[in-house]
Amino acid sequence: MQVKTLRFLHRGQQREIQNVPPTRTLLQLIREDLHLCGTKEGCNEGDCGACTVVLREPGESEYKAVNSCIRFAHSIEGLELTTVEDLSADGPLHPAQEALVQCHGSQCGFCTPGFVMSMFALHENSLARRQVVDRSAAQVALSGNLCRCTGYRPILDAAVTMQMLSKNEQTMQEIRWQSAQKGLKTACKPAVGDYLLPTTLAELLVLRSQHSAAQIVAGCTDVGLWVNKGHQELTQILDVSRVAELRRIERYPHHIAMGAAVSLHEAYAALVQDRPQLKTFSERFAGLSVRNSGTLGGNVANGSPIGDSMPLLIALKANVVLMSVRGHREMPLEQLYTGYRKNVMAHDEVLAWIKVPRPTSSEFSRIYKISKRYDDDISAVCLAISAERVMEGDGDAIRRLSIGVGGVAATPVRAIKTEALCEDPTTVSGLFGSIKAALQAEFDPISDMRASSAYRRELLGALIDRFESDWRGEKLVSLESWEDLAQVLS
Amino acid sequence: MSAGSNMALPTAGQSVAHESARAQVQGAVRYVDDIPELQGTLHAAPVMSRIAHGRVRSLDFSAALAMPGVRGVVTQADIPGDPIFAAFGHDEPIFATETVQYVGNVLAIIVADDVMTARKAARRVKADIEPLPAILSTQEAMEKNHFVLPPVHVARGDADTALSVAAHRLQGAFSVGGQEHFYLEGQVTYAQPQEMGQWLIYSSTQHPGEVQHWVAHALKLSLHDVRVETRRMGGGFGGKETQAGHLAVWSALAALKFASPVKLRLDRDDDFLITGKRHPFDYDYEVGFDDTGLLSGLRVSMRVNCGFSADLSGPVADRAIFHLDNAYFLQDVSISSYRCKTHTQSHTAFRGFGGPQGMMVIETIMGEIARYLKVDALQVRRRNLYATAGQTTHYGMPVEDNILHDLLSKLEHSAQYQRRRETINAWNSQHNHFKRGISITPVKFGISFTATLFNQAGALVHVYTDGSVQINHGGTEMGQGLHTKVAQIVAHELGISLALVRATASDTSKIPNASATAASAGTDLNGRAAQFAAASVKGKLAAFVSGLDHCGAGAISFRDGQVISPTQSRPWQDVVSAAYANRIQLWSDGFYATPKIHYDKTTLTGRPFYYFAYGAACTEVIIDARTGESRILKVDILHDAGRSINPAIDIGQIEGAFVQGMGWLTTEQLVWNENGHLATHAPSTYKIPATGCIPEHFNVALWNEPNREDNIFGSKAVGEPPFMLAISVWEAIREAVAAASGDTSRLNAPCTAENVLRCKTVKIQA
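Residue numbers (the working numbering), protein chains in the order written: chain A, 21 to 510; chain B, 67 to 832.
Hints were generated in silico from the structure; no laboratory data involved. Wrong hints could be hidden among the right ones.
[To be verified] Now the stretches of chain A that chain B is said to cover, found in silico as 3 or more residues with beta-carbon under 8 angstroms:
| hint | region |
| --- | --- |
| 1 | 27–41 |
| 2 | 268–281 |
| 3 | 341–347 |
| 4 | 395–404 |
| 5 | 433–440 |
| 6 | 481–492 |
Virtual Cβ for every residue (Gly too), placed ideally from N, Cα, C.
Please put together the full structure from these sequences, using the hints given.
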């Protein structure tokens, strides 16, 4: 094992920890090496939020709540780490903590540190942006934290009242920590060893060509499970999360190019900017703490048949750009996949960019997700449809239909046969029924713990019905958004 | 503490914060896994069967033992005592050695220097198991007479005749799924060998006394050699009643073999696979009724999926029988309860303890009758409600404290049920793809352990010379606020500030033979015992002061931190130090046994409960009739906690229980595949409610009336009863399904989108 000293900022001090193995998790580092036991292990797979801690990049004001259990310790190289113990280390309770006490938001207390940290990030970020934390913002910010005791009402109350307890000024501690932070330059390591953390694309490509067996990670929100649950022995990690070029979102007249290391949170924010109808869906993708770590590139490269980004990207006709020291190639996203979690990438290639076309004035696109729980759940079926809405004669018509589907095959797929119905402009009268029949005939979904094959097939039809409702401008098409529901039912 | 330190207010009855709240939000409270490890501590992990039922041919540990850091393996050969757990049914081997009975059955324990090594090694053990036919459904168990305990039949009146003369009859069959506890802190034990063959076990358990008993039984020790300590659990919900015993025995055996402290903390997925859940139930019923919906004859058969062993299945299934009536008078009733043995986890205690599964039948029937008669379901429920007094349950207990007539009326009014029902009907007639439903369901839940002997408790109150007070009792803290309430009771009794009273860890060396903290009775039992202990100390101090002031001891009062005689008021601290100097005992014990209760186990008749706790909920839902998805839109609850010792804590229990019940009936689905493997073994696949599931309109009010029985401070138990308020969600969804022309008789719980859509199409099978 050849690993470099891990350096990060904690309580205004630079900490150095030696001999941290490449797949040691951040939670193990915190509990076992730093002996800070306030941060808890609830599920060890990023689904409960008991392990939530907050990270910040030097010079940035944004605090990010992340799951420490599925992140590798070395991923915080050069970052500022805040754990629950730090908030009131030498002073009064932070407003997030005080509000939880006053609202009776803790019972058994085991999930509490995670909630505190998500609320802390929400509080600080809202303060910096001068935003009021309302119930909706609180639900989104706490979507990755589970509580089994309270039923959440007091926790949500605490989140929406904590700003009233805020002194609205930085504590002395905070000022001190920030001044210390300036001393910490980007402390990324030279790119050698068992945890490779390149900072430029050129460096990444060379490393990839030299270490084709290294496991690439970005947010590690899936690879963390391979280690924790699958007990995989990964001897070398190539972490792309610091590659400056791959963290960019570039807007061009006809497409947005998103670097593979852009977080899901930021990537979806960019997509929602162009297509506001994706907002609720974007908030249903995992919990915020996973969206803060996980990347769009990771979701795509991982290629899970139930990953939610791919149906959307397929429907929007996104391309991916693969790069290597040999050059680059671009292809439609669905062509990346050759089978269950298999893809066309060569040993020296990395997924570098995802290019999503900007909407045209005639685009009518929607995405629908069905899962047991609205938030932070994996789709039984995810259906994304993008149609070009045109007038054909006197009638409303569809020209070109683009459909991406998840949960119905071994990979995320394009519904090629169904799309063929609208190669030419077709008036919608009777069309939706044909689309429905074609889509249900095109796939033979499996039964598993999320849904039966029969139900998945029913859903393909039901979601085309929903699309038709959307097309017709019906006010209520789904139950996923509390705001929409409140509006319709008021 | 906030309001608690306000000396002008009585301490009991105030919404003070949880005794650990400030430390909890700072990450400064200690759970078992946070206890600083002793040098030489080893870590254990279970070796589990991947076969549901089979004969063990051999276990090959060589690959596991070859791993660096692995210390060894613990098997049946390492058990000094009985190789069977000291469980109620004496039917669970500590290690499955000859046969495996479920996927997750523990075969052996691997011990290593660190936990990940132990877990990795455990998975490298090669188990050669010859598969045998596995029984995975209650139906199959019934066909093969495969039971963990014999069937129980309870009848009153003549159900057959009543059914035959009834104006209307309905039949139905449905299922209710199990439920994973999903305590946020998984199961964990830290076993530390002590001097002279003694043991200290840190266990996350609701029942330290049982852990002590199980460990002593397996290690062939006297109980006095095993001390079990539990400061707090990160959630219990019934899942750490018997289930903590297994881990404690495994870790103690490992600690014995390797003469080292051993910690055993289950990985979440292993916890799902190994430990028992809420019992899934299957029902068949036939009910008769008249034109007004009044019941005339009821026959119910309940098939209880108990898993591979008895565990607590007997009392759970019994409580389902006791609570089958819920709030309704059943004149002619016949109930059969079959305790089916299946090759799955051994299902266990879970908040409500069979009560929810019993109530589901009758509430489903009430809804079906109303929809059949095309009348308001609340009207049918009212028609069948127990009278305020004078009627007895089907197990022979008089219902003397029924407040539901008034409580339902109050909730009906405050939630504007009738007006909303009309609005919803009108809305439904204008919408095809979405339908709304509203329902009010009541709860009547019996309080006491049905096993009468468990209804006893002890407590200690220690007053130190500076006036500070330490309390200890046999109950355990799992987040429910027991320690807070008991501290409030003691502070109240002594007339001192809550800040002077500190709760301490449950410890078998302090209060022996304590019952499980279960059956909602934690505060009733331990609070009263602590009150008696405090009263005893107070009596000694009163006698001392009365001697100083030459008055009767009865003239001395304790309030606002003062000890007050007719002639003088002295600060509490001064009296305590003076009493010490005068050699007055400043500590005492207290003991309480619940009065009035008795119960014949053979006939299931008597008065198993000291009193009933009541409540009702009004829930409104909306469903998407095309996909089966649903949303809970509004919840209004009126619940009876008697004279609340801590309204904030009680409301927290009510809300938490409701949401947990809502999860049981909506998103939480346990799926076993055809091989008996639990496919939903992690929060990625098993979905408990999240923040986004909670409606903004979520009102909880407390019924303002003291317990009519003489219970601590006039309060009522509140841990379990509100769980069953969530049955209003089930009934509201059925109302919406009916409005969507769905067949409600096809609905099984939980109401996942798929199960709801099944009511609309026969293409989806159960």
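Right, here's what the structure says about each hint:
Here the region 27–41 of chain A counts 0 residues with a CB under 8 angstroms from a CB of chain B, which misses the bar of 3, and the coverage is violated. Under a criterion of three residues with beta carbons nearer than 8 angstroms to beta carbons of chain B, the stated coverage of the region 268–281 of chain A fails, only 0 such residues being counted. A count of 0 residues in the region 341–347 of chain A with a Cβ less than 8 angstroms from any Cβ of chain B is obtained; the coverage claim is therefore unmet, three being the minimum. Under a criterion of three residues with beta carbons nearer than 8 angstroms to beta carbons of chain B, the stated coverage of the region 395–404 of chain A is upheld, 5 such residues being counted.
For a cut-off of 8 angstroms, the count of residues in the region 433–440 of chain A with a CB near a CB of chain B stands at 0, and the three-residue condition is violated. By the rule of at least three residues with a Cβ nearer than 8 angstroms to a Cβ of chain B, the coverage given for the region 481–492 of chain A holds, with 5 such residues.
In this structure, the earlier hints numbered 1, 2, 3 and 5 are contradicted, and the remaining ones agree with it.
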